[in-house]
Amino acid sequence: MLATDVFRSRLQETTTAIALWLAAIDADAEVVLTRGMAWRVRLEPHAKSACPVELILRIDQCFDLMVATEVYEDRPIQNLGLFPKLLQAVTDGRVITRVSASAVTGATYLVESRVTLSDGARWTGTRQVLSHSPAANVDLLHLDRHYLPYKR
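Going by the numbering used here, the sequence shown opens with residue 65, and the numbers climb by one from there.
If you are wondering where the hints come from, they were derived from the structure by calculation, not from laboratory data.
Careful: at least some of the hints might be erroneous.
[What the hints assert, rightly or not] No farther apart than 25 Å at their CA atoms in a straight line, the calculated lysine to aspartate or glutamate pairs in the DMTMM-like style are these:
| id | residue 1 | residue 2 |
| --- | --- | --- |
| 1 | Lys-112 | Asp-156 |
| 2 | Lys-112 | Asp-208 |
| 3 | Lys-149 | Asp-124 |
| 4 | Lys-112 | Glu-94 |
| 5 | Lys-149 | Glu-77 |
| 6 | Lys-149 | Asp-128 |
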């Protein structure tokens with residue numbers, strides 16, 4: 065964790081950069097920006113099949129992220145530079161939601177959000193649906209949902 069004053073300064077730089085970037089996508093999405101105890105941006109794309117996203121950056125050096133319908137809360141902020149790249153990747157359509165389910169029963173074991181950044185790195189969030197992992201002999205189906213870019 066960074067010292068509070070250093071973190072707040074870097075957070076201000078990051079949120080200012082994102083706020084300036086938002087002007088470029090304003091025609092392609094409904095943008096809701098809120099500042100207060102936390103900094104929050106929500107993008108609801110106008111294009112069908114594009115991925116909505118919401119990012120909350122908190123002063124306790126944690127973030128919350130909603131990608132499509134998946135929510136990832138209380139994640140530690142390790143690098144503020146990730147967030148402009150992450151938002152850009154979502155608006156570029158580089159998001160996949162992968163559902164891993166039993167081929168026999170259809171029971172969902174895991175839902176994963178994969179966001180590929182412009183440099184090829186990937187941010188991944190996972191949600192365990194069942195409290196246990198599948199047995200070694202269970203065949204899993206991986207159903208991927210791809211999203212379109214905001215601009216077309």
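Now for the hints, and whether the structure bears them out:
For the hint linking Lys-112 to Asp-156, the alpha-carbon distance of about 14 Å falls within 25 Å, and the restraint holds. This hinted pair checks out: Lys-112 and Asp-208 have alpha carbons roughly 17 Å apart, not beyond 25 Å. Annotation: proposed proximity of Lys-149 to Asp-124 holds, straight-line Cα distance about 21 Å (limit 25 Å). Distance restraint check for Lys-112 and Glu-94: the Cα-Cα separation of roughly 13 Å lies within the 25 Å cut-off, and the hinted pair is therefore satisfied.
Simply put, Lys-149 and Glu-77 have alpha-carbon atoms about 14 Å apart, close enough for the 25 Å limit, and the pair holds. Distance check on the hinted pair: Lys-149 and Asp-128 sit about 16 Å apart at the alpha-carbon level, within 25 Å; holds.
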